[in-house]
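Novice: Build out the structure end to end from the sequences listed, making use of the hints.
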Amino acid sequence: MTTEYNQRATIAAPASLRSDANQLALCLGEFSADDQTFTAANYQDAAGGLYAVASTVAKPIFAQMAGQPLQAPEHAPDMDLTAATRAQDLLQINNGIADPDVIAVVLGDRLESAQDHIAALGLTQVEQEADVI
Amino acid sequence: MAVTPINLSVTNITSTSVRLNWVQWTPLQGAVEAWYDPSDLSTLFQDDAGTTPVTTNGDPVGLMQDKSGNGNDASESVSANRPSYPGLAYDGVDDELRITVGLGSTDFIISTVIGTQGLTGSSPSVFGFGSFYSEAMLLYANTNFGTASDEMRLFGLGTEILIGPDIRNTGDIVVTVVRENNTFSLYINGTFFSSGSASGSVSSTGLIGSWPVDARHYNGDKIGEMVIAKTSSEPTRLKIESYLASEAGIAL
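For the protein sequence lines, the chains are A and B, in the order given.
The first sequence begins at 891 in this note's numbering and counts up one residue at a time.
The second sequence begins at 8 in this note's numbering and counts up one residue at a time.
Since the hints were derived computationally from the structure, they do not count as laboratory data.
Yeah, the Cβ is synthetic: ideal placement off N, Cα and C, and Gly gets one too.
Where hints are given, some of them may not hold.
Stated by the list, open to error - Okay, the calculated bits of chain B under chain A, using three or more residues with CB under 8 Å as the criterion:
| hint | region |
| --- | --- |
| 1 | 34–42 |
| 2 | 87–101 |
As the list claims (entries may be wrong) - Okay, the calculated beta carbon distance ranges per label pair:
| hint | chain 1 | residue 1 | chain 2 | residue 2 | range |
| --- | --- | --- | --- | --- | --- |
| 3 | A | 964 | B | 62 | 44 to 54 Å |
| 4 | A | 1016 | B | 177 | 21 to 31 Å |
| 5 | B | 170 | A | 958 | 49 to 59 Å |
| 6 | A | 949 | B | 177 | 31 to 41 Å |
| 7 | A | 967 | B | 32 | 47 to 57 Å |
| 8 | B | 36 | A | 954 | 43 to 53 Å |
| 9 | A | 975 | B | 204 | 21 to 31 Å |
| 10 | A | 926 | B | 62 | 41 to 51 Å |
| 11 | A | 922 | B | 138 | 17 to 27 Å |
| 12 | B | 259 | A | 962 | 45 to 55 Å |
| 13 | B | 259 | A | 967 | 52 to 62 Å |
| 14 | A | 964 | B | 259 | 49 to 59 Å |
As the list claims (entries may be wrong) - Chain B side only, calculated, beta carbon under 7 Å to chain A, not exhaustive:
| hint | residue |
| --- | --- |
| 15 | 59 |
| 16 | 66 |
| 17 | 67 |
| 18 | 124 |
| 19 | 128 |
| 20 | 178 |
Specialist: Structural data, given as structure tokens:
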């Protein structure tokens, strides 16, 4: 038996696009809590632009659905389809590093490392203090 | 006829005694507060509602049921935040499982198997409790940007409680934190490493694989079986550690 989740998708949503990106996640996802996918913008690009990053195992249908007209799913019939479509229009799958004007996605095999995906997106984690007091 | 019952009684006592010596100790015998066993597929589900079972490598885990019988299940409602079977494997970006365990100010033992390969970045956390610093507690592997502070650390209750060893790339290990009164102790593979003091109540809300306060997600290769007990009993700690090590194939 093999898993349906045979891909890993790592998605970088610019901080200003988190709300739209969460509506897209809600639309393409399977659960009502998926509108909380993009939270803290704790990754940055070389220019200091901030991004919220999500990484997840994914079914192949993820990429197919991402390229098709969106419909509100059963688990979120009242979702903001307009916002989700705005985010969909900005999707760039396996097309270079993160950019403030796009929602960049690295899509690969499920065994690929999320850390490698983030490196491919040209992002680094925003430094946090070692002492957390 | 009167002798027969006496002989049967002796035989039964002897048989029972021998059988008990062969029964492996499990956390169920330790009156533990929570017991998470990610190798037990019967306790794993892809969704947090527990409707779709985990069946094969690569499946996400949205619910890991508590085997202690106390109902302290670990779950995650956001799809992207779910770790994967086997391991469990946490991606170091957003994967975590939420737990609610009322530790408060009581003595406790938290013991778990972790994989240490690949640890990097900003303070990846094995577990963390609490949304406020004063009632928080987290155990993290400080690999913080090569600042000569690459040790595992326990932070909590407003202070850095103790500093442990550098655990990066040391394979699978059993890590244990014990609270006895206001003294916290760290054990690696059953061996005492260090201790420190703090006082106060630990929040009941926690995460496996991260910390509620900010993003410190675990990026070692796995967080495995975990046992939480409300006791500081050394015999109980030793039994838990021996059990976890045995299950994970780790030599103590």
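Novice: Hint by hint, note whether the structure agrees.
Specialist: Here's how the hints hold up against the structure:
{"no.": "1", "hint": "34–42", "in the structure": "violated (count 0)"}
{"no.": "2", "hint": "87–101", "in the structure": "holds (count 8)"}
{"no.": "3", "hint": "964(A) - 62(B): 44 to 54 Å", "in the structure": "violated (23 Å)"}
{"no.": "4", "hint": "1016(A) - 177(B): 21 to 31 Å", "in the structure": "holds (28 Å)"}
{"no.": "5", "hint": "170(B) - 958(A): 49 to 59 Å", "in the structure": "holds (52 Å)"}
{"no.": "6", "hint": "949(A) - 177(B): 31 to 41 Å", "in the structure": "holds (35 Å)"}
{"no.": "7", "hint": "967(A) - 32(B): 47 to 57 Å", "in the structure": "holds (51 Å)"}
{"no.": "8", "hint": "36(B) - 954(A): 43 to 53 Å", "in the structure": "holds (50 Å)"}
{"no.": "9", "hint": "975(A) - 204(B): 21 to 31 Å", "in the structure": "violated (56 Å)"}
{"no.": "10", "hint": "926(A) - 62(B): 41 to 51 Å", "in the structure": "violated (26 Å)"}
{"no.": "11", "hint": "922(A) - 138(B): 17 to 27 Å", "in the structure": "holds (23 Å)"}
{"no.": "12", "hint": "259(B) - 962(A): 45 to 55 Å", "in the structure": "holds (54 Å)"}
{"no.": "13", "hint": "259(B) - 967(A): 52 to 62 Å", "in the structure": "holds (54 Å)"}
{"no.": "14", "hint": "964(A) - 259(B): 49 to 59 Å", "in the structure": "holds (50 Å)"}
{"no.": "15", "hint": "59", "in the structure": "violated (10 Å)"}
{"no.": "16", "hint": "66", "in the structure": "holds (5 Å)"}
{"no.": "17", "hint": "67", "in the structure": "holds (6 Å)"}
{"no.": "18", "hint": "124", "in the structure": "violated (11 Å)"}
{"no.": "19", "hint": "128", "in the structure": "holds (6 Å)"}
{"no.": "20", "hint": "178", "in the structure": "violated (18 Å)"}
Violated hints, in rising order: 1, 3, 9, 10, 15, 18, 20; the structure is consistent with all others.
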